[in-house]
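Chains as they are written, first to last, in this note's numbering: chain R, 40 to 387; chain H, 40 to 387.
Treat the hints with caution; some may be incorrect.
When chains are identical, the list treats them as one kind, so a pair holds in a single copy or across two.
[As the list claims (entries may be wrong)] In the SDA-like style, the derived pairs of lysine to any residue whose C-alpha atoms are separated by at most 25 Å in a straight line are:
no., residue 1, residue 2
1, 236, 314
2, 339, 274
3, 232, 119
4, 355, 275
5, 268, 225
Think of the hints as simulated: they come from the structure by calculation, not from any bench. Computed from a predicted structure; not experimentally measured.
There are 2 protein chains.
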Amino acid sequence: MSEMKKYNVAVVGATGAVGQKMLETLEDRKFPVENLKLLSSSRSAGLKMMFNGKEYTLEEATPESFKGVDIALFSAGGSVSKKLAPEAVKHGAVVIDNTSAYRMTEGVPLVVPEVNEADIKEHKGIIANPNCSTIQMVAALEPVRKAFGMNRVIVSTYQAVSGAGNEAADELREQSQSFLNGEELEANLLPVKGDKKHYPIAFNALPQIDVFQDNGYTFEEMKMINETKKIMHAPDLSVAATCVRLPFFTSHAESVYIEVEKEGVTVEEVKQLMNEAPGIVLEDDPSTQTYPTPLSAAEKRDIFVGRIRKDLDDDKGFHLWVVSDNLLKGAAWNSVQIAERLIANEWL
Amino acid sequence: MSEMKKYNVAVVGATGAVGQKMLETLEDRKFPVENLKLLSSSRSAGLKMMFNGKEYTLEEATPESFKGVDIALFSAGGSVSKKLAPEAVKHGAVVIDNTSAYRMTEGVPLVVPEVNEADIKEHKGIIANPNCSTIQMVAALEPVRKAFGMNRVIVSTYQAVSGAGNEAADELREQSQSFLNGEELEANLLPVKGDKKHYPIAFNALPQIDVFQDNGYTFEEMKMINETKKIMHAPDLSVAATCVRLPFFTSHAESVYIEVEKEGVTVEEVKQLMNEAPGIVLEDDPSTQTYPTPLSAAEKRDIFVGRIRKDLDDDKGFHLWVVSDNLLKGAAWNSVQIAERLIANEWL
Numbered sequence: 040m041s042e043m044k045k046y047n048v049a050v051v052g053a054t055g056a057v058g059q060k061m062l063e064t065l066e067d068r069k070f071p072v073e074n075l076k077l078l079s080s081s082r083s084a085g086l087k088m089m090f091n092g093k094e095y096t097l098e099e100a101t102p103e104s105f106k107g108v109d110i111a112l113f114s115a116g117g118s119v120s121k122k123l124a125p126e127a128v129k130h131g132a133v134v135i136d137n138t139s140a141y142r143m144t145e146g147v148p149l150v151v152p153e154v155n156e157a158d159i160k161e162h163k164g165i166i167a168n169p170n171c172s173t174i175q176m177v178a179a180l181e182p183v184r185k186a187f188g189m190n191r192v193i194v195s196t197y198q199a200v201s202g203a204g205n206e207a208a209d210e211l212r213e214q215s216q217s218f219l220n221g222e223e224l225e226a227n228l229l230p231v232k233g234d235k236k237h238y239p240i241a242f243n244a245l246p247q248i249d250v251f252q253d254n255g256y257t258f259e260e261m262k263m264i265n266e267t268k269k270i271m272h273a274p275d276l277s278v279a280a281t282c283v284r285l286p287f288f289t290s291h292a293e294s295v296y297i298e299v300e301k302e303g304v305t306v307e308e309v310k311q312l313m314n315e316a317p318g319i320v321l322e323d324d325p326s327t328q329t330y331p332t333p334l335s336a337a338e339k340r341d342i343f344v345g346r347i348r349k350d351l352d353d354d355k356g357f358h359l360w361v362v363s364d365n366l367l368k369g370a371a372w373n374s375v376q377i378a379e380r381l382i383a384n385e386w387l
Numbered sequence: 040m041s042e043m044k045k046y047n048v049a050v051v052g053a054t055g056a057v058g059q060k061m062l063e064t065l066e067d068r069k070f071p072v073e074n075l076k077l078l079s080s081s082r083s084a085g086l087k088m089m090f091n092g093k094e095y096t097l098e099e100a101t102p103e104s105f106k107g108v109d110i111a112l113f114s115a116g117g118s119v120s121k122k123l124a125p126e127a128v129k130h131g132a133v134v135i136d137n138t139s140a141y142r143m144t145e146g147v148p149l150v151v152p153e154v155n156e157a158d159i160k161e162h163k164g165i166i167a168n169p170n171c172s173t174i175q176m177v178a179a180l181e182p183v184r185k186a187f188g189m190n191r192v193i194v195s196t197y198q199a200v201s202g203a204g205n206e207a208a209d210e211l212r213e214q215s216q217s218f219l220n221g222e223e224l225e226a227n228l229l230p231v232k233g234d235k236k237h238y239p240i241a242f243n244a245l246p247q248i249d250v251f252q253d254n255g256y257t258f259e260e261m262k263m264i265n266e267t268k269k270i271m272h273a274p275d276l277s278v279a280a281t282c283v284r285l286p287f288f289t290s291h292a293e294s295v296y297i298e299v300e301k302e303g304v305t306v307e308e309v310k311q312l313m314n315e316a317p318g319i320v321l322e323d324d325p326s327t328q329t330y331p332t333p334l335s336a337a338e339k340r341d342i343f344v345g346r347i348r349k350d351l352d353d354d355k356g357f358h359l360w361v362v363s364d365n366l367l368k369g370a371a372w373n374s375v376q377i378a379e380r381l382i383a384n385e386w387l
């Protein structure tokens, strides 16, 4: 960043899987932080965390915590955002909210900078960060949609446990060791903390992420469907999703089928778009078995795309494999990126 | 089985992941075995295996091994089938071949008994057992296709490592323990034994099963596409597949999107069909988080279907989640089932 101005930043939910990555990303990006406040539940208050070589003590998040804060990054669950984001805004902060609390709220921009950076400008204090599995998909699809039109998206996801937080990662680790020891698996958390039933995730696949809605879709699936249309400003785009939790720690992968509007588009043209798109890395060469995987994409900010194929029956159909670190581009990095664009465009 | 006649059975590749399950299934089904021959490579010859409480010694499979054999179950790789299946037929055996060697051969029936049992009758000595991921899908879809027509199938798979054999299961086990110990992962086999590159499967997802074809699809994907059309006698059915190997030991899961021909079909009608279909168990109740998973389907011969939803944009579109034990219905059980139907119909 070229400007010298620095900002007072609050991170709400700093001890969580995403909160930790937010601090790492602010460091990595040399974000112009003047003062940093690490906010948490009363339970975590008093704990200490490091940022840029300095120790910070976590404070309990209260309405008063946001006095003097310029930018507040929220990732402490929907109920905390519902309660405290308006308070932060009252104190003059711009909130970048990583929960689902405000994503579909009329007038709240829902932003993936590679897709709809300009929407940031319309904020009234709160900018919503989309769902992790949505972000990587729309960023990969938008260049294709812009070039050739798009009327259909059907996605099946392969999602990491860290999307359900550090506790879910611990559960996978413990269950995996139990399984290898030949012991009984204990399931207390996944697929959804607080839901009625729990199933083992180790050496398994759970076709449920977040709670079921009345229409038989899970909330995760409805997030992908509704958020994609809002981010792309494409209310008529058909989007269908099946979301599956899998036994790996980091990165979501997605098998995406799309139908473009233009006839005769080639795989080479789609690959070319991916090569040119910001934030996208093309990893696609069958002759050398080159494609992204959750392990290869982990700890990286980019979105990786491979396995691009034309449908064998539909001239307008294409299949893609999209992988990205769910805690970085899917959460922390996209939030920090919104903050960077907010500053660079002077939309704060 | 009601008849008293017994048959001389040979199992080729008895020590493999599928071969072992074939013996278990013949036992479980009380298959009318007169004499049993366990055949293998010269490497495994001399090893001993148990069947119905009796010890058998493995013999090296040669053309002469098939003298007096009525039914030969092959699962020792395509090259062994290419070489020895015709020899077995010459000696009067009927071969049920679990490799891809003859599946697409004109005149060789490719059979899933729930779908096309009558095709068995047309055999000229060899009957092909389809690919594991194909079997469970076509058995689940055929009742819907028969009732309402079908013109489109788009599937993304979630496939267990045991589909690549016992060695692949060992690799997953060893890599998983290394990962949990914080050690480097050693990849020597997956995604494809003998292919140029190997990637870790533990806590990862590999979007490659079997080798890449010139069109950018993997052979596993092309098997699903071509075999589905052959089994269903539906050359005009559009089928698209993305096949992904995942870190679990048993059962393949599939996220399947279909388009039926009839308008106004309801989810309840599709569920009803699944409830009535032979070999299919409906496990589908969002209100109680009921759906099949790889762990819940393992060691069972049925195909489990859940998460049945209508597409939100296309009245003719439906989404399903189909899970089955890849070594049983996907291989050993389907082969033994073909043998049972062969006998029951007197088509031997």
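Results of checking the hints against the structure:
1. 236 to 314: Cα proximity of residue 236 and residue 314: across copies only (24 Å, versus 44 Å in one copy).
2. 339 to 274: neither (31 Å within a copy, 44 Å between copies)
3. 232 to 119: For residue 232 and residue 119, the Cα distance is within 25 Å only inside one copy (16 Å; across copies 50 Å).
4. 355 to 275: Both, since 17 Å and 17 Å are each at most 25 Å.
5. 268 to 225: Answer is neither; intra-copy 39 Å and inter-copy 42 Å both fail.
When held up to the earlier numbered hints, the structure conflicts with 2 and 5 and fits the remainder.
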